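Take the sequences, apply the hints, and build the full model.
These protein sequence lines map, in sequence, to chains A and B.
If you use this note's numbering, the first sequence corresponds to residues 25 to 329, in order.
If you use this note's numbering, the second sequence corresponds to residues 25 to 329, in order.
Derived from the structure by calculation, the hints contain no laboratory data.
Small disclaimer: the values here were computed from a predicted structure and weren't measured.
All the pointers check out, no bait thrown in.
Note that the list lumps identical chains together, so a pair holds whenever it fits in one copy or between two copies.
Mimicking SDA-like on lysine to any residue, the simulated pairs with C-alpha atoms at most 25 Å apart in a straight line are: (1) K137 <-> K183; (2) K83 <-> L122; (3) K171 <-> E114; (4) K39 <-> G203; (5) K39 <-> T202; (6) K171 <-> M204; (7) K39 <-> A209; (8) K171 <-> D248; (9) K171 <-> N113.
Protein chains: 2
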Amino acid sequence: MSLLVSGWLALDEIKTPAGAVEGSLGGSATFAVLAASLFTDVRLLAVIGDDFPEHELRKLEGRRIDMEGVVTADGETSRWGASYHADMNERDTLYTVLGVNESWEPRLPSGWKDSRTAFMAAGHPTVQRDVLGMLDDPRSTVIDTIKLFIDNDRDELRKTMRVADYIAFNEGEARELTGMVSVAAAAATLLEQGVRSAIIKLGEYGAMLKSPTDHFVAAGYPLDEVIDPTGAGDAFAGGFSGYLDAAETIDDATVRRAMIYASAVASFTVEGFGPSRLLEVTREELDARYREFRDLTHFEVDDRG
Amino acid sequence: MSLLVSGWLALDEIKTPAGAVEGSLGGSATFAVLAASLFTDVRLLAVIGDDFPEHELRKLEGRRIDMEGVVTADGETSRWGASYHADMNERDTLYTVLGVNESWEPRLPSGWKDSRTAFMAAGHPTVQRDVLGMLDDPRSTVIDTIKLFIDNDRDELRKTMRVADYIAFNEGEARELTGMVSVAAAAATLLEQGVRSAIIKLGEYGAMLKSPTDHFVAAGYPLDEVIDPTGAGDAFAGGFSGYLDAAETIDDATVRRAMIYASAVASFTVEGFGPSRLLEVTREELDARYREFRDLTHFEVDDRG
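Below you can see the structure in the form of structure tokens.
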């Protein structure tokens, strides 16, 4: 088993009511590989600029992450800045610097074609599709995106959405792509548009999955405090993909468990700035939070119900 | 068994992206008694003005609702007008006319002191506490409120919050009363402030319950279309109270089932304008939706989780 993760490594500037960081290890791929590596062996395919600080990159070392696919290109590393509002459900993106990701042409290290699972974290949809096309016969493929690509590259994104087994988009993105106000209707519309399975991430309120054979709703984990929501969605999708990769077989019950593990890893992510909490969380903590999800949400079938 | 419900009967003017109604049967008590009467015998304590249209009131007839406590006073019936935004999670209150509720002094019909359960739907907190004080020894008491009373009568509301067994407030109200951004932290803070059990209603995203012995999170029902969110919170709390009243014994598992039945009845409420859908829903439909909640949210304990 092994999971290929492709996406951005970036340097983030983040302001939340709880504080601020700058030049911090970030980008969709960072959160995804850290989450996924709690479940399985991960292969990271990404590009950084020659300005990427060595000590930030070293944070990814000593884990189940194969860094052979991380190449350094001449130029500037991708950068992202955001400022969160008081209630943390809204943020202003201050800037997105594409940097070396603007012209990246990914090449797969030899031996990576056999990846059992692939997660294309937010990145250009054409690049996502190119990378998926390099794989022999992946069992499961998952893609994420961000508003930038919905706005600028919607046609390419729609093509990529149809070749993946799962899309993992957030509520606002699903609404924008379908014009539907209701999350359930948006998910159903995505399936009508040719998406195989749609995961809609609801931030603090949980997540929903709609597939041809299943409809699942996961409640949000009731966190006492959110320090920084950055990367929670990437960690969710990375954790989901990692859990699927590690699973012997995949049926609807497996996918539901993957959704809960994904929620669990996302809930840890927001407990610290950037990837700081994700860098220290253990599989044991994750398993405990999974059980806690069960305790928090379980209810009995009623005599009549 | 019997559930006393006290609150407002009003005439509503509602505008949503799906349409508009005016002079429609509404008010917190309307939604609460219709929801509750699906589970148990309900006693309605409320005041209307001499302008209340007979045909609107007749909509409550022929159900498990004892109308002996509905008195007609000289003056104007309470009125409420609201306009919902495109995503239905936000609304502008156009006006609130207190009318005869401004000076209502409720009197309990003889024989109603023995009510096993009481739900004080949104109304003046002093009136809520007065009515609760008229009962002999209710097994469970539940109160709701609205922003109007948080803003204008906060001290009285805080007193009433401490005498009820459950408060059922929405997310924004819980935040405003505690100053906490996190819903979980708001619920915990309410308990520290002397509330016995706090139910936080999350609208389309479900609900949470925090008590000294339990913490439960209910996911939202994935509706394809919301026609009118008005009264969903009242129906939730009315359904919750009705289910508790009908239960032989009450333990944490009972309360969790009540939360899911409350979610189910609230999900029907928003499928029509005002109480129109609630007026026609059957117990069989409700039981089926309860089972659907179970199917939508169930997941197995993992080997490791």
